[in-house]
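Protein chains in written order, with numbering that gives the first Met the number 0: chain Z, 0 to 369; chain E, 0 to 362.
Simulated from the structure, these hints should not be mistaken for laboratory data.
Incorrect hints may appear among the rest.
The calculated EDC-like cross-link candidates involving lysine to aspartate or glutamate, where the alpha carbons are at most 16 Å apart (straight line), are [to be verified]:
1) E:Lys-32 / E:Asp-4
2) E:Lys-354 / Z:Glu-266
3) Z:Lys-322 / Z:Asp-301
4) E:Lys-348 / Z:Glu-197
5) E:Lys-134 / Z:Asp-10
6) Z:Lys-299 / Z:Glu-266
7) Z:Lys-88 / Z:Glu-266
8) Z:Lys-195 / E:Glu-350
9) Z:Lys-329 / Z:Glu-58
10) E:Lys-11 / E:Asp-100
11) E:Lys-134 / Z:Asp-237
12) Z:Lys-184 / Z:Asp-236
13) Z:Lys-324 / Z:Glu-52
14) Z:Lys-88 / Z:Asp-301
15) Z:Lys-324 / Z:Glu-56
16) E:Lys-134 / E:Glu-212
17) Z:Lys-195 / Z:Glu-266
18) E:Lys-134 / Z:Glu-35
To give a feel for the contact side, a few chain E residues facing chain Z, derived at Cβ under 8 Å [stated by the list, open to error]:
19) Thr-8
20) Leu-138
21) Pro-187
22) Arg-203
23) Thr-204
24) Ser-213
25) Val-216
26) Pro-284
27) Arg-285
28) Ile-288
Computed footprint of chain Z on chain E, listed as stretches where at least three residues anywhere in the stretch have a Cβ under 8 Å from a Cβ of chain Z [stated by the list, open to error]:
29) 33-39
30) 206-212
31) 339-346
No residue lacks a Cβ here, since even glycine has one placed at the ideal position from N, Cα and C.
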Amino acid sequence: MTIDQSLDTVDMMLNMGPQHPSTHGVFRMVLTVDGENIVDVQPHIGYLHRGSEKLCEAEDYRQIVDLFDRLDYVSSFNNELPYVMAVEKLMGLEVPERAQYIRLIMCELNRIASHLLFYGAFGADCGAVTPFLYGFREREQMQSLFESVSGARMMHGYFRVGGVFRDLPDDFNQRLDSLLPMLEKGITECEALLSKNELFLERTLGVGVIDAETAIDFGVTGPNLRASGSTYDLRKDDPYLMYPDFDFNVPIGASGDCFDRYMVRMEEMWESLKIVKQAVARMPDGPIMAKTPRTLRPPKGDVYVRTENPRGEMGVYLVSDGKDKPHRIKMRTPSFCNLVALRHMLIGSYVADAVVILGSIDIVLGDVDR
Amino acid sequence: MSWQDVLFTVLKVLAVIGLITFVVLLLTYMERKALGRIQMRMGPMRTGFHGIFQPIADALKLLLKEDVTPSVRDKSAFWIAPLIVFVPAFILWITIPFTEDLVVRNLEYGIFYIIAVSVVAIVGILMASWGSNNKYALLGGARAAAQLISYELPIILVVLAVVMLAGTLDMREIVHAQGSYPYVYLQPLGLVIFLVAGLAELGRTPFDIPTAESEIVGGPYVEYSGMHWSMFFLAEYANTFAIGALGTVLFLGGWSGPLLPGVIWFAIKTSAIIMAIFWLRATLPRFRIDQLMTICWQFLIPLTFVNILLTGIYAFYGWPSWTMFLMSMALLVVSGGVVRLRQRARTAKFEEALKARREKLAT
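In isolation and in its complexed conformation, chain E is listed as follows (with noise of 0.2 Å):
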């Protein structure tokens, strides 16, 4: 390799860098703008032009601000914590392709890699659980382990459909096996868990549980402050950006499209997805740890299971595209209506109930 190579491959990274830095600013800027407006307010208003320089006033106030450290604690867990969350949310990104060329390297095992580097932030947290010396940060790491090891699964499982249909785990390949349509058509269902596990990988409402800020305030993060915390936040933003790009690479037929250059398409897909995951957070409460587990291990990796060996059929067979989708499809109706259906008996129970109540007293 020459030294061009090397310079070339430098640079490129330090794009990639820039970009999710960047990207993530804006993340952090739409969703207080969404959120504003989901909930009748107008978000930041006074920095710039509709709050505009919001994001760059929170960055600059939070290197500015002093580190406040607990004075008991695991010196060299507490300060590697950070890092080992922050380091895998980016350079996971090495691999995703944003279009055909814009890549730093694709990888043969592009999708293999991502989630073999995305599982190493477990580790972090927990260490930045265990450094704070601090219960709250204790029960969030113990939250966080089990949370994000469960969701692992869905995600690999679904994703190696996904995979089962290409045939391929580069990355590129994915998106061109998708050629004359994307993959969302063969498998709704599969983007469905996938959506849901990655929601709950992220730790973003209504699987914020790690981090509930109402009931253990911050979760492992809780000690941290200025430019470490900050670490933290931008990973999880990241890692948001992340969820997006590969739904729309390995569902959404990455920067396939009519018209538009492919980076737009790349762009407004996962931007679609993200803002998916905004609206969710300003919609809904948070799950227990028990009901969460309960949803993973009963609901989640079953369909998933399911869901693969109905791939598997399909492509064994070589049956015509639109029976993959009727069966994922029915799976999905079938599980929508399964959790609509025990919604509706509970509440007619609790109706009944007070009826009975009501019509004792009456008498």
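So here's chain Z without its partners, still in its complex pose (with noise of 0.2 Å):
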């Protein structure tokens, strides 16, 4: 006897988030899944939107720093800068050396405990628990140095137009010397509780697959687009601060999968790390910030300022009508337009991948809704 009427299956819709622990914050997504595979997805976004946009244009040119803090909340210095870069490009000031140099070492740091951030999630998303913890050892360290430098460990709003907040404090170099060793040992033992782990290659190799050209098609940027074979770097591509002085390279990954957005991550670490020692060793005395006016008001115009996020491509485009307050402040933040790859990563996987590609785009939703 055979049975030949194949089984009626009905698909589910599966709505995950925006309360659920794996979704970074609070985003949503609707699986449609048949059985265990992912048919379709449908992201929502917006549970976070504060209409950062709007509120630059009621605020002072000094004020909306902290107003960019809070957009990827977990690399704020790397958000602060270009924003303070695009006004100064539109004010043509001269930003002292010892300024950049501060800005620099501050904003590789911060990409370090980003990355270490995004270790410790990605472990938990795919099952681990421990990661987490090892993650977040070492990103405690770097958190107390920049609440010695900045006066808060988050939200740390440095960065000013012209230079930054304060001096480095006196025991800078010492807590600098006793961190970055501490950091090598710690991103070593990272590494080995994951990047061989058998059961770690299982789950990220060859699991949402993205090639370049589709990827650039998409408009990710940052580790996102390297992993897939991409070099673009805007610290290689269209520098910035003293960049090209120094020397580093751009990690890549071969196939695009999660274990190479997983891989470039780890490499960025390291890339990082030597930067800070090259700009440490380099540092200028002298001021830290440039002569601006009282109130700052930029020149009628506009300016595009783009750098480098630990996410990606972080554009800044700036309209002034010459007032003390812009115009227009369009922030052009990475993890949004990493996300909009999500659905082509994700259709034809399994649920249980749905949450390791989400961890390995790396979003933060304050930086997706804005």
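Once you've looked at the hints, go ahead and assemble the two chains, each given alone in its own frame, into the complex.
Here's what the structure looks like:
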């Protein structure tokens, strides 16, 4: 006897989020699943929309720095940078060299801190409990260093138009000297725990593949794009600060799967460490603020500045009408653009892969929704 | 049966339930402490000396907690499910011998009874997932059904090899049969398969797929709270203890050991297995359901069949014991080597692709 009738199956709609432990905040995916396979996905964003761009229009140029802190709250320094650079470019301000070095060191340390957070969260997404604690151990040391520099663990508000808020504390070099070996040891341990773990490889190799051309079409930037094999890195391709003077590599991946996205970030931490070491050795003395007028009134005009955020290209488009408040600010945030590629990566994978793929994109919802 | 016998039996059953509950509380504390130390933190510290009263605080909190239930549900299935999971986890202890005499009732078909009883829990998990009327629970239930039923097979087959060696299903006799050496000596592969399949049976990391916190947020248990949730929780830890105890009885020679009294030896061996389970939990990520099935059907079950074949040949011809050890060890090494080679090949392939890509970019 043979059964020639196939079973009648119905696709199930599975709502993931906004309250879900693995959506990295208030992101919502409506998955259409056929058993364990994902047939379709409908992402919903906007649960964390605060209207940052509009808020900027009602604030003084100096106050806006704090709004940028709150976009990607795990890499605040990197967010402040393009904004202050945009205002400086419009006003034609010369930023003292020491201030630029401080900015660069802070941004690179912040990149490491951000990637350590990614490491922990990604491990948790794959179902491992320990990486989170491992990633946070060194990150905690960095946060306290940031606190000693800027006065705040997060939302630093440290960069100013024309320089930085205050000079580095006296014991900065000592603290950094003890922090850097600690970081090296910590990152090595983190890699030992996951990078060659057979189970981790099983879960990530060949999952959520996206090739470089498609990724570029979606507007994906940063480690996510480099994992697909592109070398696009604004620190090399559209240099700002003193990046051309430094010796560092741009790690890339081979196939653009979740493992590559993970590995690129792990290697990037080592490159950032290299940059920090070189920068500290070359740090000049001098002023930390350029001379700025009491009220900042950039001349009429518009400017677009972009920098390499830990998550990708962070762009600021600033339109000034010559008053003390900007006419319009557009934030091009990396998480939002990277998230667009999610659907492409998800369809055809398993439900269990959904959180791994989302984790590998490394979004911050404050950055997506603004 | 006189009334004294009845009373005595009831007392023994109550003692076992008390013991298991105590051990479960102890296990939750041990797990949190062990996980804490592995993760470079202290674990619970606030309740009593080094948080020793934490399990009691947890239990009280769960008892006093409001039982929030979904309004639309299959009522009977929803309420009966915790019982169906809870009861087998406790009644299988009736025939597990802690020592020669410390057993509620030694059954002639002890191991058969344990396996038969433990399978019942699957029904409870399915009922919980259906009765919750929740999609996460439904997915978790489907996963649990696939996983638990699949992994019953390697466990049964590996226990079969032990039974073939001992020539009995009686738990006490199995321990007696391991007079001169524990069966881990004859069946190193058997112990490994037993632990892997046991982990999958328990639904613990790396096989915590039915409950997968980061994907389906607790699976079948997602709608349960308070005491009903803690019944699942108790059952899970009682089962962890059971896998430890079964491993001890079947492979590590039960209560036998020099110098110390039997109960202590039993406790040491059991807690060694349980600590290994906790250790794995702290170290490994989670498998995906298709990978889990592949491991079971393409890897574990063929291995157990070969194991049974070798054990049969060994027992039939009455070869010296070291031949069985060598055969089992060789099989273990070969299968371990296959996994290792596969991993090496994958890593090499990845590095090659990366190198090729970089060279292309350089030119």
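For each hint, the structure was consulted:
no.: 1; hint: E:Lys-32 / E:Asp-4; in the structure: 42 Å, violated
no.: 2; hint: E:Lys-354 / Z:Glu-266; in the structure: 15 Å, holds
no.: 3; hint: Z:Lys-322 / Z:Asp-301; in the structure: 13 Å, holds
no.: 4; hint: E:Lys-348 / Z:Glu-197; in the structure: 14 Å, holds
no.: 5; hint: E:Lys-134 / Z:Asp-10; in the structure: 12 Å, holds
no.: 6; hint: Z:Lys-299 / Z:Glu-266; in the structure: 42 Å, violated
no.: 7; hint: Z:Lys-88 / Z:Glu-266; in the structure: 32 Å, violated
no.: 8; hint: Z:Lys-195 / E:Glu-350; in the structure: 12 Å, holds
no.: 9; hint: Z:Lys-329 / Z:Glu-58; in the structure: 14 Å, holds
no.: 10; hint: E:Lys-11 / E:Asp-100; in the structure: 12 Å, holds
no.: 11; hint: E:Lys-134 / Z:Asp-237; in the structure: 48 Å, violated
no.: 12; hint: Z:Lys-184 / Z:Asp-236; in the structure: 31 Å, violated
no.: 13; hint: Z:Lys-324 / Z:Glu-52; in the structure: 12 Å, holds
no.: 14; hint: Z:Lys-88 / Z:Asp-301; in the structure: 10 Å, holds
no.: 15; hint: Z:Lys-324 / Z:Glu-56; in the structure: 6 Å, holds
no.: 16; hint: E:Lys-134 / E:Glu-212; in the structure: 14 Å, holds
no.: 17; hint: Z:Lys-195 / Z:Glu-266; in the structure: 14 Å, holds
no.: 18; hint: E:Lys-134 / Z:Glu-35; in the structure: 12 Å, holds
no.: 19; hint: Thr-8; in the structure: 42 Å, violated
no.: 20; hint: Leu-138; in the structure: 7 Å, holds
no.: 21; hint: Pro-187; in the structure: 20 Å, violated
no.: 22; hint: Arg-203; in the structure: 11 Å, violated
no.: 23; hint: Thr-204; in the structure: 7 Å, holds
no.: 24; hint: Ser-213; in the structure: 4 Å, holds
no.: 25; hint: Val-216; in the structure: 6 Å, holds
no.: 26; hint: Pro-284; in the structure: 4 Å, holds
no.: 27; hint: Arg-285; in the structure: 3 Å, holds
no.: 28; hint: Ile-288; in the structure: 6 Å, holds
no.: 29; hint: 33-39; in the structure: holds (count 4)
no.: 30; hint: 206-212; in the structure: holds (count 4)
no.: 31; hint: 339-346; in the structure: holds (count 3)
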